[in-house]
Structure formats: structure tokens, C-alpha cells
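S.K.: Below are the chains, spelled out letter by letter.
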Amino acid sequence: MSRLPRSLAVVLTLSVVLLALYPVFGQVVFPNKHAFLMQKLTGIMIMAVMAMSLDLLVGVAGLVSLGHAAFFGLGGYMLAMLSPEYAAANLWLVLPATLIAVAFAAAIVGYLSIRTSGIYFIMVTLAFGQMGFYFFNDSKFAGGSDGAYIMVKPAVEILGVSVLNLGDKRTLYYVGFGTLVGVYLLLRVLLASPFGRVVSAIGVNENRVRGLGFDPVVYKLVAFTIGGTIAGLAGFLAAIQYGFVNPATLSWHHSGEALVMVILGGMGTLFGPAIGAFVFELARMGFEAMTDHWLLPMGAMIIAIVLVLPKGIGGFLLQVFSARSKVEDGQ
Amino acid sequence: MTGEPKVVLETRGLTKSFGGLVAVNSANYRFVERQAHAIIGPNGAGKSTFVNLLTGHFPPTGGEILFKGQQITGFPAHKVSRLGVGRSYQKTNVFPVFSCFENCRLAAQAQLPSSMRFLRPAGRYKEVNEQADRALALCGLGSRRDRVAGTMSYGEQRQLEIGMVLATNPEVLVLDEPLAGMGKEESEKMVGLLKDLARHFTLILIEHDMDAVFSIAEVLTVMVNGTVLESGPVEIIRASKAVQDAYLGDGAEAY
Amino acid sequence: MDIWFFLIQVMNGVQYGLLLFLVASGLTLIFGIMGIINLAHGSFYMLGAYLTFWLLQTVDSLFLAILLALPISAAVGYLIEALLVRVLYRRDHLDQVLLTYGLILIFNEAQRMLWGGDVHGIKVPGGLDWSIRLTETLSYPVYRIALSAVCAALAGGMYLVIQRTRFGMWIRAGASNRDMVAALGINVKLLFGAVFAVGAVLAALSGAIAAPINSIGPGMGDSILIICFVVVVIGGVGSIKGAFLGALLIGLADTFGKVLAPDFASFSVYGVMAVVLLVKPRGLFA
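Respectively, the protein sequence lines represent chains F, C and B. Our numbering numbers the first residue of the first sequence as 1 and each following residue consecutively. Our numbering numbers the first residue of the second sequence as 1001 and each following residue consecutively. Our numbering numbers the first residue of the third sequence as 2001 and each following residue consecutively.
Be aware that a few hints might be false.
[To be verified] Taking lysine to aspartate or glutamate pairs in the DMTMM-like style, the calculated list, with each CA pair at most 25 Å apart, reads:
| no. | chain 1 | residue 1 | chain 2 | residue 2 |
| --- | --- | --- | --- | --- |
| 1 | F | K311 | F | D146 |
| 2 | C | K1241 | C | D1196 |
| 3 | B | K2258 | F | D215 |
| 4 | B | K2280 | F | E206 |
| 5 | C | K1068 | F | D215 |
| 6 | C | K1079 | C | E1127 |
| 7 | C | K1189 | C | E1171 |
| 8 | C | K1195 | C | D1245 |
| 9 | F | K169 | F | E85 |
| 10 | B | K2280 | F | D215 |
| 11 | C | K1126 | F | D138 |
| 12 | C | K1079 | F | D215 |
| 13 | C | K1091 | B | D2060 |
| 14 | F | K311 | B | E2136 |
| 15 | F | K40 | F | D215 |
| 16 | C | K1126 | C | E1171 |
| 17 | F | K40 | F | E281 |
| 18 | C | K1068 | C | E1004 |
| 19 | B | K2258 | B | D2092 |
| 20 | C | K1091 | F | D215 |
| 21 | B | K2258 | F | D292 |
| 22 | F | K140 | B | E2136 |
| 23 | F | K311 | C | E1171 |
| 24 | C | K1079 | F | E206 |
| 25 | C | K1091 | F | E206 |
FYI, nobody ran anything at the bench for these hints, they're computed from the structure. Only a predicted model underlies this, so the values are computations on that prediction, with no experimental measurement involved.
Use the sequences and the hints to build the structure in full.
M.R.: Right, dumping it as C-alpha cells:
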């Protein structure tokens, strides 16, 4: 991925700073809704992580997955299953265990799905996602269709001293914020690496990549596994936040929402899908507040964006800002 | 040069059929080191299929392919490319959203022992960069380094296509109709480039443009209906009655 | 397992499969010919069911209600194609996914506004509301048999139209090679509009005739959509024959899954799909 136009980078950085400062000024600006909004924003930032991880597959590698939520859900369920009922789990144990388990699941699903392509890939991933959904929904295991609770949030201790209290809303906000920024930077580094360049090229023209001497299957599998694992991390955080997991987190509706965030935000731009998550969730919140029939304006908004902004919000921003930076450079 | 000419790439009884249709029928070829070998023939003669077999894009139905004496029959395309058989495509096949340099850099990156490297920026591999720049210079696009490939002229994109093959550091260049769809001026430039390459590489050229073929190639093979009609030094084939009748006759001007 | 019991399950499976085929055939044609992934296809199924339910409050014949519901569905389908989908033919598949996803939301909400969130039922029409007795304890409802017969007749009719008529020839040409449609000098706009409308009608009809044995409720379009995608993909995208066999396979798998492993019934459908695609990555008849 090429560098962002400088003015866009500035705008994005300012937005991130604003997000970082929210817990400070939120109380003043939204005195009645501050706590609610902070919680909401935490959830959105977690979804933004999920959307970016899906963008690695959809926008970068060209792997349109409609089963991505399975890994998100699995991340949450891992926490639920690994947590003792009435005591705190040790984050340093459950987090790596979760990530390893999700990576393992993603590698298997990826290995089986990557043999197909195009709409078949979409459908195979959907099928695996739904299998995951029904696995947790129909079995008595982990609460069945009712879901499972995480009664006590995991403890984050170093040498027996608690360093983070995940039960504190503001702390959790910053954990979500840190993850969002961290995952974004991680993915940027990844995309600039030799691995990332190959994966980006696969998204453009897989056959040519093969002709150059790379085996696309291996790269796609690794990308799929990385994307799935990050989604698992997002699901893990969401489970900590809500203290609850249910099968719906694995369902195709949830995968579809993440996909909408990616397309809406602008595929392959990485920051776009994160913005897409904010636009999607904030629009939902706004419409819900306005009317009972919030799906109507939501659907209309999505349709309008597809028709008007073919490359999504991110593509639009890139266009606007790169045109501007050309003017600034005197071109 | 003394002694036996060294055979780099060889096919023995190479056959490919699609359902009942035999596209390439028992093809025996020997491609000699640093020789420019052109394959001509009418549309549907099986030339492109042959290229796809040679470079591992299709698995053959029968026969074998040897690269420097080593069996590479059935090797997948990426493995064949890594061994040193680079190919260009009939249709322009560059990454339009990448810059010229990035196109070649990616191609050169294939020479790293592994691209499963996740942290260090790809642009900081010095040898890869140098190889990419060399390839860009070789294909005549040194001045276009930072242009986005998709915004260049058709002829330049075809040049870049060859630059990408060069960047993979090949021994054998398999070029599938490098002149297809080019204007007169672009063609002349490309012919110059190909002549240049013919001095350094083993060249396997599929081409319709007879003037170009005669000016570049030393060895000529005529393929018709999936079989080799005749093969030998350019002058001899050019004069051959059978070839004249079958292929080079009046219709040849049409190409 | 009792032989009669087994037979009943087979009949249920076939009946469900035939119904799925009616919905899935439109989906596969729309993708094969127009290249559109139409997520809103299930919404037409829902539309057909709700329109019939609504019309039944005014007219008292199911047959008449369905007859009235179909042209309305066709018009809605045609309008959506002409006003929205048409803009996206040259675009990426994902833009179509996004657009039709937006349509789903609108359809679902419109349904909720017009008819509320309750689950409704439609009475089996008089004359068909009896059962054939098979043994002492087992019997089979006549309506299900009639439903299967209607679906089978429609499938047969579709086969004749596709094989024997000019319109069918265009469809075959379009499904095997999309560019050929334009090359043959066919009025593409008209063909696409027609295919989309016909697909919508087939889905609506399925929703309507299935209403007496299934319930009518929110979200019914989404669940049928996903199952139909499974059918289409198993059969091979664009293949009517594939959709037919895929539909029967899924119909039977679902029915027997529910009987043999009730806890994992829905699992079985996706399991079948995963297995088919792993063996034949482009479906059975691509």
C-alpha cells in the first residue's frame, strides 16, 4: 500500500487524537450520555478492528469471506469456556490460548476454503460460518442458543499486581482504542512487508503472481489465518466488554455486517473499513434514536453510498485528498 | 563457442488434450542456450497451449519437460518460474495499480528464498531493489520508474511486462506474442528490445509478425494443428515449400 | 425405521427440495445471466407470502390471492432492476452485494411497518385440507402433495420454456456466456429486466404456496435466501439442472437431518455443501 496523502494522514491522526481524548471531554460535551457513548465507542472500536481484519482478506487478498464472524465468535467463546465460573481468568493465559485456538481454526477453514474462488469462496466461508453458528446454537455445550456469561472479567496482573482493571469502563475504552491503533499499525507494517506485497498483488491478479514464482495458495492461507486471528482478538475483547457471548456473534448476519463495513468504508484502504465501522454503527445508533423503523433509513443510506461512492468512503477520501495534495504540490 | 550446443529446455512427446480435442500433439522441442527460437503457426495451432505447458500453467496430458536435464513435468507455474523459466503473457498482465518499479520489484522479490517475511518493509531489500532497477533499465523503462503502470501507454505496459519477466532473473524467456496489438512505432521499439535480449538469454518467442520473427529468431518452428510441421534454422524454413504452402503463403501477409 | 415413515420423510424432502428449486432457479439465473449476486431474492419469497396473506383478508380464495400477488411481485422486481440494479452491472460483485443488502434491510423494515412483527398462518384451502391415510397412525396431507405437483409442473414448464422457446434460447446463451447475449443482438435491457422479474415471481410464488404449511413471519426471507445460495452453489452457479439436483439434495439432507440428528439438523445442510465443494470446487454442474 502506498503512503496516504499527507493532508489525509493529518485528518486521520486528528480523528484518532479526538477519539483518544473522548473520555476526557465526553463528560463535558455529552453530560447525559457520556457513559453510554463511551461504552458504545468501545464496542465500535472493537468492530473496527474486526472490519480491518476482514479488509485484509476482502480488500487486500481478494478473499471475500462471508464467514468471518465465526472467528470473532470463537474468540468470545474461548474466553467464556476458559474462564472459571466465579473467579477471574489470567489474561496472560487465556489471551494467547484464545489466539492460538482461533488461528488453528482459521488455518483449517482457510485450508479447505481456499481451493475455491469467487462466489464459491463466499459460499464456502458462509457454510463454515453457519456450521460454527449451529455448533454453538444447537449443542448444549456453552449454553446453547442462550449463550454463555463471563461472570468475572479476566485479571491483568504482573507479578501478582493488577495493572489493568478490565471492569473499569474507561480502562476498557483505552484497551479498545489501543487495539484499534495497534492493529492498524500492525497491518500497515504487514502490508509493506514482502509478504504483504505478495498478498496485495494476489488481490489484483493471482495468476500473474503465480507466474512470477509465488505460490498464491500459501500466501492466501497465511493471510486468512492472520485475518481470522485478529477477528478472534476482537471477539475476545467484545466478550470481555459485554460479559456475554451468544451464537449470534458467529452468524452470517454478523459476517455480513462486517462485510458491509468494509465495502462501505472502502476495500483495501484499511483505514476505510475502520471508518466504515464507525459510520455503520453511529448511523444505526442515530437512526434507532430517531425512529422505530431505523432499518429503512439504514438501508437507504447503504444504497445511496453504493450508488454515489463506488470506492466507498475511504476511496472517496483518498480521491479528494490526493487531488488536493497535487494542487498543494503545484501539479 | 565450441562443442555441442547446450540444450536448456526440452520437451519429449509433450501432449495436451482438452476433452477430445488435442491441442498439442507429441511435441518434441529442444531449446538451445542463448538461441532465439520462434514458434509460428496459424491461430489455434496450439502455440499458446504449448507455452502454458512449458511454463507449468497447464499440466500436460502426456510426455515430459526437461529443464537443464532435470524433470520438471507437472511442476506448478510458480516452481517453473523460480527455476529460471520466465514468461510474458499474450494479454497485458501487469499490476495496473502498482508503479513500474513496484511491478518489477515484486517480480524480483520472487528471488528471495522466501517472501514469508512480515516486518521489514519490502522496499528495504537492497538486492531486490537493484535487480528491479536493472530490469527496468533493460526493458527501457528506467525513466518511467514511478509511473503507475495502468496510466502508461499500451506499448509501455507491454515493455513493463517483459521487464517483470527479466526481474525474475530467468535463464529462459518465453514470450507469448509480445508484439500483439502494437502500433508500428511501438513494434519497432519492441523488436529492438527483443534483439537485445536475444544476445543474453535463451528466447522462446511466439509471434505472428513475420518480419519481426525473421529479424530476431535463429531457429524457427512451424506448428499446425498441434503438431510440429517443420523446424530448423530460419533461412531454411523460410524457403521450405511445405511451410510456404501451409502457412507462409499468401495468408502470411495478413498478419 | 418404518418403511412408511421413511417414505413420508422422502416425500417431505422432495417437496421441500422442489420448493427450494423454484426459489433457487431464479437466483441462479440472475447470477448466471446478469452476473448479479442478489441478496434480496429471499425478500421476494417473503413478499409473496405476505401479499397473499394480506390479499386473503379481502378475497377468500387462496388461488385468487396468489394470482393477484404475482403481478405485484413482478412489478416490484422489475422496478428494482430498472431503477437500482441496472446501475451496477459494470461494477464489482461486492457493490451489488452491498446494494442488495441495503434492499434486504428496507424490505424487512417495510414488512414490519406494514404487517408487524407477528407470525401468521394461512389456512390450507378447502378441498385440500385432508390427509391420505397410510397406516393406522401415519397419514400424509394432500396439500403437500398438491404443492409438490405444482412445483414439479412449474419445473417442467420451465424446462420446456428454456429448451424450446426463443426466450429460453437467450437464457441458455446468457447463462453459458454472458457476453454472447449482447453479441446475438438481443435486447439486453429487456432480457435482464424480464429475468429479474421472472425470478422475483418464482420466489414470490414459492413463498405464497408454501405459506399454508410454513408460517409467515419476519426474517423468513433471510433464511430461505441462505439455503438457496447453498443450493445454487452446490449445483454450480448458473446451472438450472444443478439447481434442481442441488435443491433435491438439500431438501432430503435437511429433512433427514432433522429426523436422524435433530440437534444438528441445520449443520447437515452446510456439511453437505462443504463436502460437495471440497470435492468439486465449482459445484456439481458448473
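S.K.: If you check each hint against the structure, which ones fail?
M.R.: Violated hints: 1, 2, 3, 8, 11, 13, 14, 15, 19, 21, 22 and 23; rest satisfied.
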